[in-house]
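Asks: Next come the chains, spelled out residue by residue.
Protein chains: 2
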Amino acid sequence: MKEADFLQELKELDLLKQAMSILEWDAQTGMPDAAQDYRSEVDGYLSGLYFDKATGPKIAEALDYFAEHPEELSEVGQAAYRLVKKEYELNQAVPKDVMTVYSQAVSKAHGAWSKARQANDFSLFRDALADNIRLTKDLIRYQKKEQANAYDVLLDQYEPSLTTAELDQVFHRLREGIMAIRATLAEKGQAPAKDFLARKMPKSGQQKFITKVAEELGYDFDRGRLDDTIHPFATGINHNDVRITTRWREKDFMTAIFGVIHEAGHGIYEQNIAEKYEYTPVHEGASMGIHESQSLFNELIIGGSRQFWEKQYPFFKECAAGVFDDLPFIDFYRGMKHSQSSLIRIEADSLTYPLHIIIRYEIEKELFNGTLTVDELPAVWKQKYQEYLGITPPDDLTGILQDVHWSGGMFGYFPSYALGYMYAAQLYHKMQETIDVAAVLATDDYSPIRKWLTEKVHRFGASKTPSEIILDATGETLNPQYLLDYLQELYFEVYQVQVIEHV
Amino acid sequence: MKEADFLQELKELDLLKQAMSILEWDAQTGMPDAAQDYRSEVDGYLSGLYFDKATGPKIAEALDYFAEHPEELSEVGQAAYRLVKKEYELNQAVPKDVMTVYSQAVSKAHGAWSKARQANDFSLFRDALADNIRLTKDLIRYQKKEQANAYDVLLDQYEPSLTTAELDQVFHRLREGIMAIRATLAEKGQAPAKDFLARKMPKSGQQKFITKVAEELGYDFDRGRLDDTIHPFATGINHNDVRITTRWREKDFMTAIFGVIHEAGHGIYEQNIAEKYEYTPVHEGASMGIHESQSLFNELIIGGSRQFWEKQYPFFKECAAGVFDDLPFIDFYRGMKHSQSSLIRIEADSLTYPLHIIIRYEIEKELFNGTLTVDELPAVWKQKYQEYLGITPPDDLTGILQDVHWSGGMFGYFPSYALGYMYAAQLYHKMQETIDVAAVLATDDYSPIRKWLTEKVHRFGASKTPSEIILDATGETLNPQYLLDYLQELYFEVYQVQVIEHV
Chain A
1 MKEADFLQEL KELDLLKQAM SILEWDAQTG MPDAAQDYRS EVDGYLSGLY FDKATGPKIA
61 EALDYFAEHP EELSEVGQAA YRLVKKEYEL NQAVPKDVMT VYSQAVSKAH GAWSKARQAN
121 DFSLFRDALA DNIRLTKDLI RYQKKEQANA YDVLLDQYEP SLTTAELDQV FHRLREGIMA
181 IRATLAEKGQ APAKDFLARK MPKSGQQKFI TKVAEELGYD FDRGRLDDTI HPFATGINHN
241 DVRITTRWRE KDFMTAIFGV IHEAGHGIYE QNIAEKYEYT PVHEGASMGI HESQSLFNEL
301 IIGGSRQFWE KQYPFFKECA AGVFDDLPFI DFYRGMKHSQ SSLIRIEADS LTYPLHIIIR
361 YEIEKELFNG TLTVDELPAV WKQKYQEYLG ITPPDDLTGI LQDVHWSGGM FGYFPSYALG
421 YMYAAQLYHK MQETIDVAAV LATDDYSPIR KWLTEKVHRF GASKTPSEII LDATGETLNP
481 QYLLDYLQEL YFEVYQVQVI EHV
Chain B
1 MKEADFLQEL KELDLLKQAM SILEWDAQTG MPDAAQDYRS EVDGYLSGLY FDKATGPKIA
61 EALDYFAEHP EELSEVGQAA YRLVKKEYEL NQAVPKDVMT VYSQAVSKAH GAWSKARQAN
121 DFSLFRDALA DNIRLTKDLI RYQKKEQANA YDVLLDQYEP SLTTAELDQV FHRLREGIMA
181 IRATLAEKGQ APAKDFLARK MPKSGQQKFI TKVAEELGYD FDRGRLDDTI HPFATGINHN
241 DVRITTRWRE KDFMTAIFGV IHEAGHGIYE QNIAEKYEYT PVHEGASMGI HESQSLFNEL
301 IIGGSRQFWE KQYPFFKECA AGVFDDLPFI DFYRGMKHSQ SSLIRIEADS LTYPLHIIIR
361 YEIEKELFNG TLTVDELPAV WKQKYQEYLG ITPPDDLTGI LQDVHWSGGM FGYFPSYALG
421 YMYAAQLYHK MQETIDVAAV LATDDYSPIR KWLTEKVHRF GASKTPSEII LDATGETLNP
481 QYLLDYLQEL YFEVYQVQVI EHV
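Chains A and B are the protein sequences, given in the same order. Using the numbering used here, count along the first sequence one by one with no gaps and you end on 503. Using the numbering used here, count along the second sequence one by one with no gaps and you end on 503.
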């Protein structure tokens with residue numbers, strides 16, 4: 001077998017994946033609802049072709065051959081080999097009939113979850129969720145290799161090599177730190193006014209503002225596009241076609257403005273992976289956590305910067321056609337960065353967001369490593385929201401039914417979001433050693449920031465593991481302290497907390 | 001072999017085709033230009049999968065088996081069998097290497113045509129066009145069965161069973177008839193004023209108007225959508241997903257208004273094919289000519305109706321926000337239906353349009369059945385425009401380089417457009433026996449027209465040949481007289497020609 005044959009097979013797999021990505025983008029942006037059943041058939045057929053090829057004889061032969069002759073692979077081939085081997089072994093580990101039963105259960109659970117949401121009644125989702133958990137535990141038994149426990153197997157799928165042992169420590173520090181900051185804000189802080197956030201800003205004005213900002217941040221519209229959707233996402237179809245989406249709320253401009261800043265971060269990542277990796281699984285993000293670190297770098301670090309907003313505010317006011325002309329900049333900035341307990345994860349501010357994730361992590365871990373049962377879930381959910389955020393969901397819709405993840409069998413995914421926060425802050429800390437970020441954000445040219453991230457993160461695609469990327473970029477492993485330091489400094493400023501220096 | 005196995009194979013082919021249709025729609029509506037090269041790879045790969053499957057052993061086995069056991073096929077299976085057999089034999093007839101050479105030449109010719117257009121210089125396209133013609137002649141040698149001549153083989157691809165012998169007669173009558181009407185208009189007619197056609201009507205107003213009209217005509221937006229594009233088209237992806245596109249010109253409202261009325265006709269056809277034919281090649285139009293008959297029924301018959309416009313005019317004026325408030329209805333109507341010689345086919349009015357087609361037909365026929373050479377083309381083109389339309393193109397861009405068809409090897413396609421005109425008028429004539437069309441078009445409810453067309457044309461999909469559809473629907477074969485009668489009545493009214501009745 002020649003490397004070229006191996007790469008050709010990967011290219012064909014990638015071409016199928018590109019077609020599936022366009023179909024998925026289309027389903028989320030423009031497809032008539034009535035076409036859903038027909039579309040499911042197309043998706044199912046292409047997925048089947050993909051799976052058969054990804055587990056087929058050519059891939060098997062390549063994996064065998066290059067295990068014996070690794071020196072015949074180029075750097076691209078070697079990086080691809082590692083990823084393909086992992087996916088192949090994961091697919092091979094589970095008997096086909098077990099996987100079929102699992103897929104059917106997941107598909108059914110999504111329907112049950114939708115119905116339960118419509119009825120605002122967890123009990124309608126209970127059995128399907130129990131099935132998803134039970135069948136996922138079956139899969140874990142087949143997939144488990146050297147991992148210490150069941151939940152580690154799930155974590156590894158989204159964040160290679162991440163373990164429960166590590167997350168326990170990291171999340172403990174993060175939770176304690178955030179709760180301490182919140183306590184200080186409550187005791188000594190001045191909460192900013194935020195009524196203005198509900199002022200009406202027409203879609204066209206929001207669009208004009210955020211399109212220019214996304215471009216300035218480095219998102220290349222010549223190799224992308226921005227569309228409307230219900231659930232915002234970014235999708236890297238190929239090197240020259242990376243699309244982002246958003247939804248618009250005229251009386252809540254923050255939804256689209258921060259939504260696009262966030263998705264543009266994902267998009268910029270995908271647009272700047274080295275083109276040599278195209279047509280292989282290396283031309284993707286290194287992990288969910290690293291991907292989120294790039295969207296959250298945009299949303300949290302850049303979108304949280306006073307200098308950035310001070311520079312953009314005149315243009316923002318212009319796009320809002322007078323609606324904010326009476327509002328002093330500092331009130332605008334402080335209002336956007338207010339923080340308060342809320343029930344819905346995706347609407348949470350950047351200080352409370354990690355707590356939503358930690359709640360889900362603790363629950364999932366107990367479901368898979370411990371003895372927590374589905375019937376105990378609603379009570380545990382409410383108790384943890386009360387304990388960490390001081391509020392209790394009044395119903396299932398604002399509580400345990402809010403996320404799609406469990407209906408889709410995506411256990412182990414949530415931690416990625418919090419990892420993204422921590423990675424972003426850690427990268428930011430390191431970046432400041434060579435770039436005066438606040439100064440750059442006060443200028444017209446943000447490119448030094450984008451270039452640093454491309455140099456340290458984007459270009460590698462999935463050729464490095466997440467921990468390699470963070471270690472190589474910052475000189476140390478994941479450290480939650482940078483996020484805590486960042487949040488404390490930011491929110492103490494916004495809430496005008498007087499820090500008494502003990503001299 | 002069971003019928004279910006045959007239909008399953010056809011379904012898988014159809015699922016691939018659906019994926020390719022979405023990709024094509026995407027390429028024409030929203031894909032970033034920069035992604036073209038990547039997209040070509042995806043298209044090429046999926047086309048290859050499709051071709052291998054369509055010419056593969058399962059189809060071959062089914063064709064053999066059901067040739068012996070036709071009684072084991074349902075009506076759907078039988079209709080599908082006929083179409084599959086024809087496509088299979090066409091594919092099998094040509095050796096793969098000959099087809100590859102042809103495909104490469106076509107791809108190259110498209111590039112040459114684009115360059116020639118940019119330079120406004122036919123000589124840059126000359127060699128590629130000569131290659132396309134030479135290689136098409138090679139294909140014809142392999143594909144020719146009982147057809148009398150080379151051009152008949154080409155016609156049969158787009159309009160099954162249509163022959164040069166029949167078209168010669170039909171086009172002769174059509175040309176003579178149209179030229180006679182034009183002579184009368186020139187001699188006795190009052191040309192309407194049409195300056196108002198260039199008044200500015202914003203896109204949003206045009207959109208509001210035409211969306212409502214398309215819906216009233218029967219285009220179902222719940223199973224479709226309207227998007228912007230450069231080259232308007234309609235595409236039936238599946239029974240519940242039939243999309244149309246248009247372009248907008250603020251200072252030429254007719255482009256989008258009549259464009260959408262036209263494309264909606266294609267869309268309504270696809271939306272009303274019997275759903276039982278879905279996942280087979282029967283769930284398509286019967287031919288290019290029949291498809292055009294449905295778009296042109298909308299554009300020519302409905303869009304040419306005084307009663308239709310009289311009813312719509314108040315809403316049109318409202319959508320134009322006052323721009324046409326000073327314009328009496330009859331001036332609006334007459335202006336839209338003015339006729340004059342023009343150089344560009346796709347901008348021609350309904351009276352002169354067929355002459356553009358006849359010119360192309362005569363040229364193509366001589367290229368394939370006669371002795372016309374590529375070097376003689378520019379002169380012949382100019383001479384025919386002078387002879388039939390009284391004008392001579394000043395350059396290649398407004399002359400021989402205007403159409404994409406020859407660069408794509410689509411010889412034999414042009415007559416479909418003129419067939420669509422004649423079929424539409426013939427169907428209209430028959431429809432009037434049971435429906436007072438003018439009266440219906442003066443009401444709020446156009447559904448009797450749509451239902452008649454569904455009953456006689458749409459629902460059959462490709463289960464009948466075009467000639468069967470016309471014969472069954474109208475009781476006679478193609479007859480160009482109905483179009484001539486229709487055009488004469490319409491244009492004599494618009495041009496206020498006094499018809500002296502000899503008593």
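No lab work stands behind these hints: they were computed from the structure. Since the structure is predicted, the reported quantities are computational estimates derived from the model, not experimental observations. Possibly wrong hints are sitting among the right ones.
Which copy? The list can't say, so a pair holds if one copy fits it or any two copies do.
As the list claims (entries may be wrong) - DSS-like mimics (lysine-lysine), calculated; alpha carbons at most 27 Å apart, straight line:
1. Lys11 / Lys108
2. Lys311 / Lys85
3. Lys53 / Lys86
4. Lys96 / Lys137
5. Lys430 / Lys251
Asks: Is the C-alpha distance from Lys311 to Lys85 at most 27 Å within one copy, between copies, in both cases, or in neither?
Replies: Cα proximity of Lys311 and Lys85: none, with 48 Å in one copy and 67 Å across.
Asks: Quick one: Lys430 to Lys251, C-alpha cut-off 27 Å, is that within a copy, between copies, both, or neither?
Replies: Neither, since 37 Å and 56 Å both go past 27 Å.
Asks: Could you place Lys53 and Lys86 in one of the four classes (within, between, both, neither) given a Cα distance threshold of 27 Å?
Replies: This pair counts as within: shortest intra-copy Cα distance 15 Å, inter-copy 31 Å.
Asks: Between Lys96 and Lys137, at a C-alpha cutoff of 27 Å, which is it: within one copy, between copies, both, or neither?
Replies: Result: close within a single copy only, 16 Å intra versus 51 Å inter.
Asks: With identical chains treated as interchangeable, where does the CA-CA distance between Lys11 and Lys108 reach 27 Å or less: within a copy, between copies, both, or neither?
Replies: Result: close only across copies, 24 Å inter versus 33 Å intra.
Violated hints for the displayed structure, listed by number in ascending order: 2, 5.
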